[in-house]
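Sequences listed follow chains A and B, in order.
Residue 1 is where the first sequence starts when you use the working numbering, and the numbers rise one by one after that.
Residue 1001 is where the second sequence starts when you use the working numbering, and the numbers rise one by one after that.
Rather than coming from a laboratory, the hints here were simulated on the basis of the structure.
Any given hint could turn out to be false.
Distance condition first, Cα-Cα at most 27 Å in a straight line; then the derived BS3-like pairs of lysine-lysine [as the list claims (entries may be wrong)]: (1) K1213(B) x K1198(B); (2) K1097(B) x K129(A); (3) K210(A) x K1097(B).
What follows is a set of in silico ranges between Cβ atoms, one per label pair, in the way DEER data are often shown [unchecked claim]: (4) P234(A) x D1147(B): 49 to 59 Å; (5) N1188(B) x E11(A): 47 to 57 Å; (6) K1223(B) x L119(A): 53 to 63 Å.
Don't be surprised by glycine CBs; every beta carbon is placed ideally from N, CA and C.
These are the residues of each chain, in order.
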Amino acid sequence: MSILIYAESAEGKFKKVALELASYAKNVADAMGTTVTAVTVNATDVSDLAKYGVSKVLKVSNDKLANFNAKAYADVIKQAAEKEGTKLVVLSSTTDSLYLAPIVAVNLNAGYASNVVALPVSTSPFQVKRNAFSNKAFNITEISTDVKVIGLAKNSFGLAEGAVSLTEEDFAPALNDADFNIKTENVEKVTGKVTIADAEIVVSAGRGLKGPENWGMIEELASVLGAATACSKPVSDIGWRPHSEHVGQTGKPVAANLYIAVGISGAIQHIAGINASKVKVVINNDPEAPFFKVADYGVVGDAFEVVPKLIEKLKAFKANNA
Amino acid sequence: MKILVCISHVPDTTSKINFANGDTEFDTNGVQFVINPNDEFGLTRAIWFKEKQGATVTVVNVGGSDTEATLRKALAIGADEAIRINANPTDGLFVAKELAEVVKNGGYDLVIAGTESIDYNGGMVPGMLATLLGYNFINACINIEVDGNNATAIREIDGGKETVSTTLPLVIAGKKGLVEEKDLRIPNMRGIMMARSKALAVNEPTSSASATKAVKFEKPAPKSAVKLVSADNLDELVNLLHNEAKVI
Ligand SMILES: Cc1cc2nc3c(=O)[nH]c(=O)nc-3n(C[C@H](O)[C@H](O)[C@H](O)COP(=O)(O)OP(=O)(O)OC[C@H]3O[C@@H](n4cnc5c(N)ncnc54)[C@H](O)[C@@H]3O)c2cc1C
Chain A
1 MSILIYAESA EGKFKKVALE LASYAKNVAD AMGTTVTAVT VNATDVSDLA KYGVSKVLKV
61 SNDKLANFNA KAYADVIKQA AEKEGTKLVV LSSTTDSLYL APIVAVNLNA GYASNVVALP
121 VSTSPFQVKR NAFSNKAFNI TEISTDVKVI GLAKNSFGLA EGAVSLTEED FAPALNDADF
181 NIKTENVEKV TGKVTIADAE IVVSAGRGLK GPENWGMIEE LASVLGAATA CSKPVSDIGW
241 RPHSEHVGQT GKPVAANLYI AVGISGAIQH IAGINASKVK VVINNDPEAP FFKVADYGVV
301 GDAFEVVPKL IEKLKAFKAN NA
Chain B
1001 MKILVCISHV PDTTSKINFA NGDTEFDTNG VQFVINPNDE FGLTRAIWFK EKQGATVTVV
1061 NVGGSDTEAT LRKALAIGAD EAIRINANPT DGLFVAKELA EVVKNGGYDL VIAGTESIDY
1121 NGGMVPGMLA TLLGYNFINA CINIEVDGNN ATAIREIDGG KETVSTTLPL VIAGKKGLVE
1181 EKDLRIPNMR GIMMARSKAL AVNEPTSSAS ATKAVKFEKP APKSAVKLVS ADNLDELVNL
1241 LHNEAKVI
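Chain B on its own, in the form it takes in the complex:
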C-alpha cells in the first residue's frame, strides 16, 4: 500500500498569536512550528500500517523552505520520503490542487490528512482534495483498518460515532483516535540520523488557483476581569447567571 500523509506546519499550541504589517500577516517572530496535531495522529497511524502490514509512507507539505524542518521530523518519526511543494499555501483550494497533483503522479492508495489545522482551522483541504480526485472520503476519522482493497473506518458524528466501509483509493481526514496520544512517535537519535539520508524532493507548484484570501486579522477585544463570587454566597452566582448573563 502506498500511503501519502499531508503535513501542515503550524504554530505550536502554546504560541502567542500576533500579527504584523497592519494586521495583514501572521507574525512568526518567536513562534515554534510543529507538525499539526491532527496530522501527527495520521502520521503515526501510517507508520503503524507500514510496520504491521507493509506500506510505504510519503509525507507532503505545501510551503516554503522553512517547513523542511517539520518534514525532516516526519522522516525521523519513520516516513520513507518527503515532498515539499515550493509555494506559499495561500488558501485551502490552492493547497488541495497542489496535493491532488502529487497524488495523481504518485498513485497513492490511501491519503491521510488532518481534520483541520490549528492555524487557519479551515477544515477544507482533505474534502477538497478527495473531490478533485474523485476518491472516496471520510471526515473526522477516528479509526481506520485496511484489508486488501477494502477499508473500514470509524468517524465521529454529533453525539456518537459511526462505522463505515469503503474501498481504496481513499482520502481520510483524521484526528485523535487514529492512535492514542500515548502512542504518538517521538523522533529518536537513530531516526534523526536516518532522516538525513532520506529523500526530500522539492517540486514547483503547477497552478495558482485561489478562491479566498485572508485580508486582515483581529484579536478578540480584551476581556473584562472575572467577577468573583464568594463560596458562601452562591445565591449571588445564580442571580448573576439569571439576570446579568441570562444563561439560565
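So that you can see chain A by itself, here it is in the shape it has in the complex:
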C-alpha cells in the first residue's frame, strides 16, 4: 500500500530531484499513514534514499535498461506498483519522468496530475495544487481513480531529511521485446558545465548585451556562482547563443532557486518560462523594463558596469565564506 517513487539516477548517483521526490513522498506518506518505496534502475548505492524517508528500495539491475527507454521503464514502474499494491505513484519533472508519467498512468488505469507544487490539499478526495497557464495561475485538481499518478514540479518542495531504516530488494520485472522498438542511436550531453535542468542558479542575458562577444562576463558570473547560463529567445534566434540556452514559454522552463536576468526586458513569454524560479534578480538600464515588476531584487544600471563589479563582489564574498 506504500507510496511508490521512481528515483532517477545517472552514473549510479541519485539526481537531486530524486531526493526531493523522496522528501515529498515521505511527507505525503506520513499524512496518509503509510511508507515510501522507491524503484531504481541500475543504481548501485541506494543508501541516500533512506536519509530522505524511503524505507524500501526495489533495485532493478539490467543492461537492457542502460539507455533510458520510456516504455520499458514504464513497465518497470507498473510492475513495481502492482507488486507493492501502491495507490499513489509520484514522479519528478525531469524530461525522462515527464515522458514516463502518462504511459504509467494509462498502464495502471490511473488519473495523472502533473506540475504539482505542494503537498495534497486533501487526501480524500485526493486533491493537489498544480501550476497552470504557464505559471500564471494554480489549479486544484481532483483525481478520482483508485490508483493515482502525480508529477512533482522541480524545486517546489525542497529537501527534507528524515532518516528511516531501509530494506533493499532485488527486483527483476519482466520486460517486453516490443518495448525496445525505439532504439537510442546517439546521446549528446553537455559535459563539464552546469545545465539549466540541474542548476540551482541560472544567469541569463538578453539582447541588451549587444553581441555574442560580450558573453564572457555572463559566463564568468555563472562560473563564480556555479550557475548555468541561459538567454532570451531573440538572442538564440540571432545565433549569439545556442538554442539549448533559450528559456521561456517556447524554450526551456527554469525553476531555479535564483534567476539573474541581465539586459532582458521581461516580455510575458520570457516570464512564463522562469516564473517558477524562487528569487529573481534583474539588471537593466531601463527602470521601466517590465522585468522589474516580477523581480525580487533589481539594479538599474548598465550591464557592462554592473556585471563586472558584481563578479568582484561575489568573488570576495566567496573568499570570505569559503
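Chain A is already provided as a structure; the job is to place chain B with the ligand on it using the hints.
Leaving out everything else, chain B with the ligand in the frame of chain A:
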C-alpha cells in the same frame, strides 16, 4: 503517409488569466484563442512532409464549436481536412481516448501532437494516446525524419539531446525545433479562401471517461515590490542574496 496533427485551442500567450464562477472556471472574456504554440510547430512540420515527400494532413481538436476558427486557421495553413470531436475537453485522459478513436478509424501512420498545451500544461495527452493505441511514442521531439516505414527523431533530454530510431505507426509530442520559428506558416489569402471549401467533420464523442477534474483555480499571491539596490552598492545585493533570500 497519413498524418494526424492534434490541435489544442488555447489562450494567446499574452492573455490576462482570470477565473469566473467562484474561481471554478477559466474566464474566456476578452481572450484571444490560438493554435497551441507547440502544435503549430508540429503542423508546419506535417505540411513540410506533405510538400517534400507526399502526405495527407488531417487536423483534429476535441472541443466545442468555438474552436472551429482555430481548425479553419490550420486548414488555411495547409492541412487537407479537419475533424472536431464535439465535446468539452474535460481532462487529458478523456481527450486521449477520443483522439484514439479518430486514429483507429482513420488509420494514420504518424500522429503529431505538442509536448504540452500552454493552458493546463498537462503534458499527458500524446503519451496517453500512444499507450492506448499501443503505438511507439517519442516525447519532447525536436526533429523527425521519415523514410518509408522508418523514422529517426531527436528528442530533448536534460542537458542535451538524443537521436532515436523507430518504426511507424508512431506518435510524437513535438515542440520548437521540429521547425524553426521563422519557418512557421501564416495563413495567406489563397489559403484562407481554399480553407473555406475544405471538409470540417464534426464527430460526437464515444466515451465519457475522465480520471481527473479541475475543481478550483487560484492566482498567485500579489508580489511585494522589487527591492532596488544602487549600482554603486552591490555589496548590499550580495548581502541580501546571502542573508535575506538565502540563495548564495
Ligand atoms: C509566441 C511567442 C513566444 C515567445 N517565446 C519566448 C520565449 O520562450 N522566451 C523569450 O525570451 N522570448 C520569447 N518571445 C519573445 C518575447 O516576446 C521578447 O521579444 C523577448 O523575450 C525579448 O528579449 P530581450 O529581453 O532579450 O530583448 P529586448 O526586448 O530587446 O530587451 C533588451 C533589454 O535589455 C535592456 N538593455 C539594453 N542595453 C542594456 C545595457 N547596456 N545594460 C542593461 N540593460 C540593457 C533594455 O532596456 C531591454 O529591457 C516570444 C514571443 C512570441 C510572440
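Pairwise beta carbon distance, N1188(B) to E11(A), judged against the given window 47 to 57 Å | With a Cβ separation near 51 Å, N1188(B) and E11(A) satisfy 47 to 57 Å, so the hint holds.
Does the Cβ pair P234(A), D1147(B) satisfy 49 to 59 Å?
-> violated, 35 Å
Would you mind confirming whether the straight-line C-alpha gap from K210(A) to K1097(B) stays at or under 27 Å?
-> violated, 49 Å
Taking only the CA atoms, is the gap from K1213(B) to K1198(B) under or equal to 27 Å?
-> violated, 35 Å
At the C-beta level, are K1223(B) and L119(A) separated by a distance inside 53 to 63 Å?
-> Since K1223(B) and L119(A) have Cβ atoms about 23 Å apart, the given range 53 to 63 Å is violated.
Hint consistency between K1097(B) and K129(A) [alpha-carbon to alpha-carbon, up to 27 Å] = holds, 25 Å
Of the numbered hints listed earlier, those contradicted by the structure are 1, 3, 4 and 6.
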